[in-house]
Amino acid sequence: QIPGLINTQAGDALNLYGHFPVKHASDLRIRLKRNRKTLKIQALNFLRGGVIVKIPPQAAPGEWELVIDAKDKSIPPQTIATIRIVAADN
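So the sequence shown is numbered by my numbering: it starts at 3 and just counts up by one.
Keep in mind that the hints were calculated from the coordinates and are not lab data.
Built from N, CA and C at the ideal position, the CB exists for glycine as well.
Some clues are possibly wrong.
[As the list claims (entries may be wrong)] Here are the computed distance ranges between Cβ atoms for each label pair: (1) Leu46 / Gln80: 18 to 24 Å; (2) Thr10 / Lys75: 26 to 32 Å; (3) Arg33 / Ala89: 31 to 37 Å; (4) Lys56 / Thr81: 16 to 22 Å; (5) Ser76 / Gln11: 28 to 34 Å; (6) Gln80 / Gln44: 14 to 20 Å; (7) Pro79 / Asn17: 26 to 32 Å; (8) His21 / Ala62: 26 to 32 Å.
[As the list claims (entries may be wrong)] Capping the alpha-carbon separation at 25 Å, the derived lysine-lysine pairs in DSS-like fashion look like this: (9) Lys39 / Lys75; (10) Lys73 / Lys56; (11) Lys25 / Lys39.
Starting from the given sequences, assemble the full structure and let the hints guide the process.
This is how it looks when you write it as structure tokens:
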């Protein structure tokens with residue numbers, strides 16, 4: 003079972019807290035997955051026990067799985083949350 007549901011908008015930055023056993027945020031591979039679509043997310047920085055990521059602006063509204071692993075495959079892929087992208091208020 004996926005531990006959390008996060009509501010956000012495309013383009014928002016999120017702080018993901020947890021244990022990330024890599025030296026640099028750039029060593030992580032982070033993706034949003036839904037059906038057959040995958041969007042890559044750049045880890046921007048480590049901050050106080052977490053990592054900062056930015057939701058891609060092209061992420062369509064709906065529920066996406068947030069999957070994290072290490073680029074060197076030292077950490078297996080793990081779905082850590084469901085991200086619900088909501089439409090921006092106009």
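We went through each hint and held it up to the structure:
no.: 1; hint: Leu46 / Gln80: 18 to 24 Å; result: holds, 20 Å
no.: 2; hint: Thr10 / Lys75: 26 to 32 Å; result: holds, 28 Å
no.: 3; hint: Arg33 / Ala89: 31 to 37 Å; result: violated, 22 Å
no.: 4; hint: Lys56 / Thr81: 16 to 22 Å; result: holds, 19 Å
no.: 5; hint: Ser76 / Gln11: 28 to 34 Å; result: holds, 32 Å
no.: 6; hint: Gln80 / Gln44: 14 to 20 Å; result: holds, 18 Å
no.: 7; hint: Pro79 / Asn17: 26 to 32 Å; result: violated, 21 Å
no.: 8; hint: His21 / Ala62: 26 to 32 Å; result: holds, 31 Å
no.: 9; hint: Lys39 / Lys75; result: holds, 21 Å
no.: 10; hint: Lys73 / Lys56; result: holds, 18 Å
no.: 11; hint: Lys25 / Lys39; result: violated, 29 Å
In this structure, the hints that do not hold are numbers 3, 7 and 11, in rising order.
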